[in-house]
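Chemist: My request is simple: use the sequences and hints to build the entire structure.
Given next are the chains, with one letter for each unit.
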Amino acid sequence: MSGASAYGSVLALAAGLGVLPVATESNVLLNFLVFMLIVSVAATGWNLLGGYGGQFSFGHAAFFGTGAYGMAILQERAGLNAWAALPIAIALGAAVGAFIGALAFRARLRGSYFALVTLAFAEVLRILANVLPITGGAAGILIRLRVDPWHFQFADQRVLYWVALGFLAGALLLVRAIERARFGAWLVAVRENEDAARALGVDALAVKIAAITLSAAITAAAGCLYAQKFLYLDAAIAYGPWISVEALLAPVIGGAGTVFGPVLGAVVLLGLGELTKAWIGDLTGGAVPGVDLVLFGVLLILCVAFAPRGIIGLLFRLRVWARWARS
Amino acid sequence: MYSPEILFAALLNGVMTGAIYALIAVGLTLVYGVLHIINFAHGAILTAAMFAVYGLHAAWRVDPYLALLPLTVGFFVLGYAVQQLIIGPASRGDDGNILLITLGLAIIIENALLAVFRSDTRSVDVPYAFSVVEIGGLLFSLPRLLAVAVVIAVALLLWLFLAYSRTGVAIRAVAKEKIGAELCGIDVARIYAVTFGLGAACLAIAGSLLMPTYLVNPRVGNAFVLVAFTIVVLGGMGSVPGALLGGLFIGVVESFSGLFMGESLGQIGIFLIFILVLLVRPTGLFGAKA
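So the protein sequences, as listed, match chains A and B.
If you use the working numbering, the first sequence corresponds to residues 1 to 327, in order.
If you use the working numbering, the second sequence corresponds to residues 1 to 290, in order.
I should point out that these hints are in silico values taken from the structure, not numbers from a laboratory.
Take the hints with a grain of salt, since some may be wrong.
[Unchecked claim] Label pairs and their in silico Cβ distance ranges:
1. B:Val133 to A:Ala278: 53 to 61 Å
2. A:Trp324 to B:His36: 35 to 43 Å
3. B:Val116 to A:Trp324: 39 to 47 Å
4. B:His36 to A:Glu274: 37 to 45 Å
5. B:Leu138 to A:Ala206: 53 to 61 Å
All residues carry an ideal CB built from backbone N, CA and C; glycine is no exception.
Modeler: Listed below in C-alpha cells is the structure:
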C-alpha cells in the first residue's frame, strides 16, 4: 500500500464518520456514537499491544482509569485547565503502562501470566481508587459543570463527537504509522516468534515496553474523553473490568492487528448490543441487564472458533473465495 | 496492640476461609497442570454453582449439604461437556485462543446469571447458619468447621484417585507428557474433559460449602477467582499440594491484613502478593514445574 492510500483510508473513514451528526439531531443517538468512539479509542490502544504485539492484556482499565482520574483530579484538586490537564493525564496513563510493562516484561511474563498480572494491577488500582481521599473514595469524583469549550465541555453534543473523532483519527494514524515503520515490523516479529526475533537482533524487551507505553497512552486518552463526557467517575467505572473487556473484545472481534479492526469491532459490538437490549426489552416488557454481554461472549467464542482474524479477516477470506469462484 | 486471643481467632478464621479457597484453587491448578490453560471461567462456574445451591433451596428447600452430591455430579458432567464440546474444538489447541474462549465463557455465564437473577444479593436461610461448637474453650462456627472437614475429605479422595485409579494415572501421564501418553493409547481429549469436569466438580463442592454462610450475586465469583489465581501461582502452577497449602496461607494473610488494614484494603495484600510472586518467582514458592 502506498503512503498516500495508507493514511488516506484513515482520513476517509474519519471524514465519513464526521458527516454522521449532520444527518441527526437526536441526542440519544449522538450519546451512543460518542460512547462508541470512546470505546474505539480504548480498543485501538489495546490493539497496538495485543493485536500487533501479541501481548493480551486483561487490565487495560488500569490505563483508561488513570487517564480519566488524572483528568478529574488535575482539574478539581489542582485547579488546572482541562486542556492543560489532558496531556498530563495521558502521560500519567503512559507512565502506568511503562511501569507495568517494565515489571512484567522484565520478569519474562507472557501469555496467560501477562494477562493475569495486568488484571491484578487494574484491580489494585480499583481498590485504591475506592478508598483514597484524592479520588473521592467510594463516593466518586465530580467534574464541575462549566459548559465552555475552554473547559473541554460542549453545549452541542456534535462538537464533542467531532473532538472524539479527532482523537480516534489521531490514534488510528499513529497505529498506521507504527505499522509502516521499522518499530511495527519488530512488534509483529515479537508476536510471531519472540525467540526468532531476538535472534535477528530485535531488542524484544524494549519493543514490548515501548508498545505497552504507547498502548496505555492511547487508552488513557479514551479515559480522558470519558471523564469529560460524563463528568463523573467512581472506581467501578474508571478501573472496572467492563472497559478491560470491551477494549479487548472490539479488536478481537473486528480484527486484531489491523488498523480498522477495533473500530469495526466497537461498531458491531455496541450496535448489536443496543439492538439485543431493545429487542429483549420489547419481548419481556422491561430492561434485562447483561443480555448484551452474553451476546458479546458468544461472539467472542464464535470469532475465536471460526474467524481467527475477526470480521476483517472474514471479509478478506470472502474476497479470496469470490475471486477464486470467478476464475 | 491486639491481644493474643484476637490474633489466634484471626488465625483460625483464616484457616477456615483458606480451606475453601484451597478447594477452589485445587480445581484451577488441576486444570492448569493437565491442560496447561488458565481457566478464566473458574470464578463464573463457582458463581453458577452457588446459584444452583441457592436455586435448589429456594425451589424445593433442598439443604445445601444435601445438594452437594448431586451438584458435584452435575457440575462434573457440565465441565466435561464444556471442554469436550466448546473449548476443545473452538481453540484448536492454541493457548491464546483458550484464554479468550474461557474469558468468553466467563462473560456468558456471569451475565446470563445477571439477566436471570439481577444484581441482587441473595442467601439461603438455614437454621444452623450461626450455630457454634465449643472446642477447648474456643467457639467455632459449625458450617465453617464442616467445610474444613469436607475439604480435607475431598483432598484425600482426590489424592487417592490421582494416585491409584487408572484414570488418575492417565491424568498424571497426560500432565507430564502429552504426546507420550497419546502414544501409549491414552485418549487425551477424554482426559482433558475429565480433568475439566473435576475442576468444575470442586467448584460445586465449594459452592455448597459456602452458601450456608455466604451471600451470592452474579459477580461474587470474581472476588474468589483472583484469590484462587494468587493461590495457584503461589503454590506453583499445576501443583495440587501447593494449592492446598497456598489456600490456607492466603486465608490467613487475608484474615490478618483485614484485621490490621480494614476489609477493603485487606484485599490489596492478596493482589500485591500475587503480583510479587508472578514477577519474582513465577514457578511458585513450592517450586513446582514451570
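Chemist: Can you tell me whether the CB distance of Trp324 (chain A) to His36 (chain B) sits inside 35 to 43 Å?
Modeler: 37 Å, holds
Chemist: Holds or violated: 53 to 61 Å for the Cβ distance of Leu138 (chain B) and Ala206 (chain A)?
Modeler: 57 Å, holds
Chemist: Please check whether Val116 (chain B) and Trp324 (chain A) have a Cβ separation lying inside 39 to 47 Å.
Modeler: With a Cβ separation near 46 Å, Val116 (chain B) and Trp324 (chain A) satisfy 39 to 47 Å, so the hint holds.
Chemist: Is 53 to 61 Å a correct range for the gap between the Cβ atoms of Val133 (chain B) and Ala278 (chain A)?
Modeler: 55 Å, holds
Chemist: Is 37 to 45 Å right for how far apart the beta carbons of His36 (chain B) and Glu274 (chain A) are?
Modeler: 38 Å Cβ-Cβ, so the 37 to 45 Å window holds.
The structure meets every hint from the earlier list without exception.
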